[in-house]
Amino acid sequence: MKKFFTIAFLLCASYLFAEIKVGALLALTGPASILGLPEKQTLEMMVEEINKNGGINGHKINLIVYDTQSIDDEARKKFIRLVQKDEVKIVLGPTTSGESLAIKDLALQYKIPVISMASSDRIVNPINKYVFKVAPSDDHAVQTIYSYLSANKKVKVALLTVQNGYGDSGRASLLKEAKNFGIEIVADEKYLDTDKDMTSHLSKIAAKKPDAVICWGVGPAPAIIAKNFMQLKLNAQLVMSHGVASAKFIELAKDAANGIILPAGRMIVADQLPANDKYKAILLPYIKDYEGRYKTPVSTFGGHAYDAIQIVQQSIKMGGDDLASNIEKIRGYVGTYGTFNFSETDHNGLSKDAFVMVKIDNMKWKLLK
Amino acid sequence: MQFLYSGITSGSIYALVAIGFNIIYNTTGLINFAQGEFVVLGGMLMYTTLTMFGLNIFSAFLITFILMFLVGILFERVFLRYVRLKTEINLITVTIALAIILRGIAMMIWGRDSLAVPSYVEEKTVLLVGGSITSQSLVVIVVCFFTAIVLSTFFKYTKYGKAFRACHDDQVASTICGIDVNLIRMLSFAIASFLGALAGAIVAPITFVTYTDGVMSGLKGFSAAILGGLGSFWGGLFGGFLLGVIEGFFAFILPSGFKDAFAFIILLLILFVKPSGLFGKKKAVRV
Numbered sequence: 001m002k003k004f005f006t007i008a009f010l011l012c013a014s015y016l017f018a019e020i021k022v023g024a025l026l027a028l029t030g031p032a033s034i035l036g037l038p039e040k041q042t043l044e045m046m047v048e049e050i051n052k053n054g055g056i057n058g059h060k061i062n063l064i065v066y067d068t069q070s071i072d073d074e075a076r077k078k079f080i081r082l083v084q085k086d087e088v089k090i091v092l093g094p095t096t097s098g099e100s101l102a103i104k105d106l107a108l109q110y111k112i113p114v115i116s117m118a119s120s121d122r123i124v125n126p127i128n129k130y131v132f133k134v135a136p137s138d139d140h141a142v143q144t145i146y147s148y149l150s151a152n153k154k155v156k157v158a159l160l161t162v163q164n165g166y167g168d169s170g171r172a173s174l175l176k177e178a179k180n181f182g183i184e185i186v187a188d189e190k191y192l193d194t195d196k197d198m199t200s201h202l203s204k205i206a207a208k209k210p211d212a213v214i215c216w217g218v219g220p221a222p223a224i225i226a227k228n229f230m231q232l233k234l235n236a237q238l239v240m241s242h243g244v245a246s247a248k249f250i251e252l253a254k255d256a257a258n259g260i261i262l263p264a265g266r267m268i269v270a271d272q273l274p275a276n277d278k279y280k281a282i283l284l285p286y287i288k289d290y291e292g293r294y295k296t297p298v299s300t301f302g303g304h305a306y307d308a309i310q311i312v313q314q315s316i317k318m319g320g321d322d323l324a325s326n327i328e329k330i331r332g333y334v335g336t337y338g339t340f341n342f343s344e345t346d347h348n349g350l351s352k353d354a355f356v357m358v359k360i361d362n363m364k365w366k367l368l369k
Numbered sequence: 001m002q003f004l005y006s007g008i009t010s011g012s013i014y015a016l017v018a019i020g021f022n023i024i025y026n027t028t029g030l031i032n033f034a035q036g037e038f039v040v041l042g043g044m045l046m047y048t049t050l051t052m053f054g055l056n057i058f059s060a061f062l063i064t065f066i067l068m069f070l071v072g073i074l075f076e077r078v079f080l081r082y083v084r085l086k087t088e089i090n091l092i093t094v095t096i097a098l099a100i101i102l103r104g105i106a107m108m109i110w111g112r113d114s115l116a117v118p119s120y121v122e123e124k125t126v127l128l129v130g131g132s133i134t135s136q137s138l139v140v141i142v143v144c145f146f147t148a149i150v151l152s153t154f155f156k157y158t159k160y161g162k163a164f165r166a167c168h169d170d171q172v173a174s175t176i177c178g179i180d181v182n183l184i185r186m187l188s189f190a191i192a193s194f195l196g197a198l199a200g201a202i203v204a205p206i207t208f209v210t211y212t213d214g215v216m217s218g219l220k221g222f223s224a225a226i227l228g229g230l231g232s233f234w235g236g237l238f239g240g241f242l243l244g245v246i247e248g249f250f251a252f253i254l255p256s257g258f259k260d261a262f263a264f265i266i267l268l269l270i271l272f273v274k275p276s277g278l279f280g281k282k283k284a285v286r287v
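So the protein sequences, as listed, match chains A and B.
In case it helps, full-length UniProt numbering puts the first sequence at residues 1 to 369.
In case it helps, full-length UniProt numbering puts the second sequence at residues 1 to 287.
Same shape as in the complex, but just chain A (with noise of 0.2 Å):
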């Protein structure tokens, strides 16, 4: 009898202090690791806040972080170790694509959720039931800038593209779309990340006279191109990829920035948002609390962290034990980059609406209209 007592006194304990476990991979060492540290000060802070608030229908969440040393191999490791070890619900991260990839076969081996924050179009393409991602794809990128640049008559375009897997991405997006808005690829141009000087694929670009020249890259090398480019006082606009939205490319190519227009997620222009914007009321608040918890620049990758922690507690709300499905069903949730609507054959469920156009302007990011 004192038996069965213990028993149902620890059955109703565990009920009442159960946590919701949750794991996250990311990379807070190795290369990705200034995308990786925004993304854990983020969900720290956010699962603080919700714990505060009394968890998610009563339950606290247990948040358990392991660094994948931007390794695919490690990215493997932990997963299995969050999966077995930890027996976590659902998993957040990894930082980035090849990371993504490398644990997508396990996410459906162990039927576990993943919400991954990285931006290749293959996380998710083809489909795979517990795969999701937050951040936004290439071709929404590219949406973005081929309908301003339409809709601003420079139809001829040149590209200048990375050789790495982010510039191939991008340039196979680039091209696929093109026709879709009536624009014309009149060069296509390559560039390695260690180029120290660009002008003669700028000067080869320039006889092409197209309207717009779009480079594709990150790192230093499209603030190389970017003086380059003003040193041949080349007659076309500059368009950088999302890849540079951060505050780092304007320091390196300093006045030569500024011109360039790029696709960007709203946080770095969120105070330039009309009052009535949908994403202002989730972003200022947002920027207020990490800068002022952690006293560095918010950065739009801690914006993916916020959406993915956000998913994560919608889809537990809805109650049962199947998340993938539940996430499947979250349709209209306005996030830090724009609404997802998630379906059985979209598990990104962002739209071009991602992305909006900013300019560099006297040094400083300026939204178009």
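A portion of the hints provided could be inaccurate.
[To be verified] If you want the footprint, here are the derived chain B segments under chain A, 3+ residues with CB under 8 Å: (1) 4 to 16; (2) 103 to 117; (3) 196 to 210.
[Stated by the list, open to error] With a Cα cut of at most 25 Å, we get these calculated BS3-like pairs of lysine-lysine: (4) B:124 / A:254; (5) A:179 / A:154; (6) A:364 / B:124.
The hints are simulated quantities; they were obtained by calculation from the structure and are not laboratory data.
Note that beta-carbon positions come from the ideal geometry of N, C-alpha and C, so glycine has one too.
Got chain A sorted already, so can you dock chain B onto it with the hints?
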């Protein structure tokens, strides 16, 4: 024509690295694979002194050079000197290991981001026939030639320069003649490291500086040195410019993705025809 100016700009960077390779080769017969890392450290120290501590340009250069001179001395004294079996292959392997260590240290101190060093001259575009070049690139080119002139004069005509060359030819004989071979070896690393710092400091405003830069600039500089003929400063200079111009040319006429491949194919072809490099001396070895 722009490809020519573009090539000269990147070529002058390769040339400066190539000259650094030559100094060490000229005295020790070694290839110092950490030369690219010296360049990176030079750029990063300039960033630290100029941007972080806000010193003026003169003292920033001075501090960078002194520190890098010391790094060169430490490099030789601490690491190369204590290698038990001083065969060339062992010592060269040590330089590769040191390159990796320096890269790691640079990453820990300065982080993974690219750093921007402010320009030392007013940023202007100089219009030339069929293209343009920036004032910063001109500075690099001038420094390049200046260094080559100073070094070749030093090595040819001064007492110490001759001692350096004697060490390369025969260390035992040099010791017998009263040359302090140990000191000369140490100095050659110090000068190479100083030159790396010079290269890093003056190219940093153009290319920015990232901790991984040393790999590629080391490789390109090494190719330039081989192309021009190891041991010859003018060869290194010319090799650097030639490599840069070939790259620029191929970026211009072919899909630009192939440019590196073609530049290295040309390099191979030249080496097939003239293995000692364009300016290399043939060495007669008595058997």
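Confirm or reject the coverage of the region 103 to 117 of chain B by chain A under the rule of 3 or more residues with a beta carbon closer than 8 Å to the chain's beta carbons. With 4 residues close enough to chain A, the hint holds.
Holds or violated: are the alpha carbons of residue 124 (chain B) and residue 254 (chain A) at most 25 Å from each other? OK: residue 124 (chain B) and residue 254 (chain A) at ~14 Å, within 25 Å.
Coverage of the region 4 to 16 of chain B by chain A (three or more Cβ within 8 Å): holds (count 6)
Measure nothing beyond the straight line between the CA atoms of residue 364 (chain A) and residue 124 (chain B); if it is 25 Å or shorter, mark the hint as holding. Between residue 364 (chain A) and residue 124 (chain B) the Cα gap is close to 23 Å, so the pair holds against 25 Å.
Given coverage of the region 196 to 210 of chain B by chain A, checked by CB-CB distance under 8 Å (3 or more): holds (count 5)
Quickly compare the C-alpha distance for residue 179 (chain A) and residue 154 (chain A) to 25 Å and report which way the hint goes. holds (14 Å)
Checked against the numbered hints given earlier, this structure breaks none of them.
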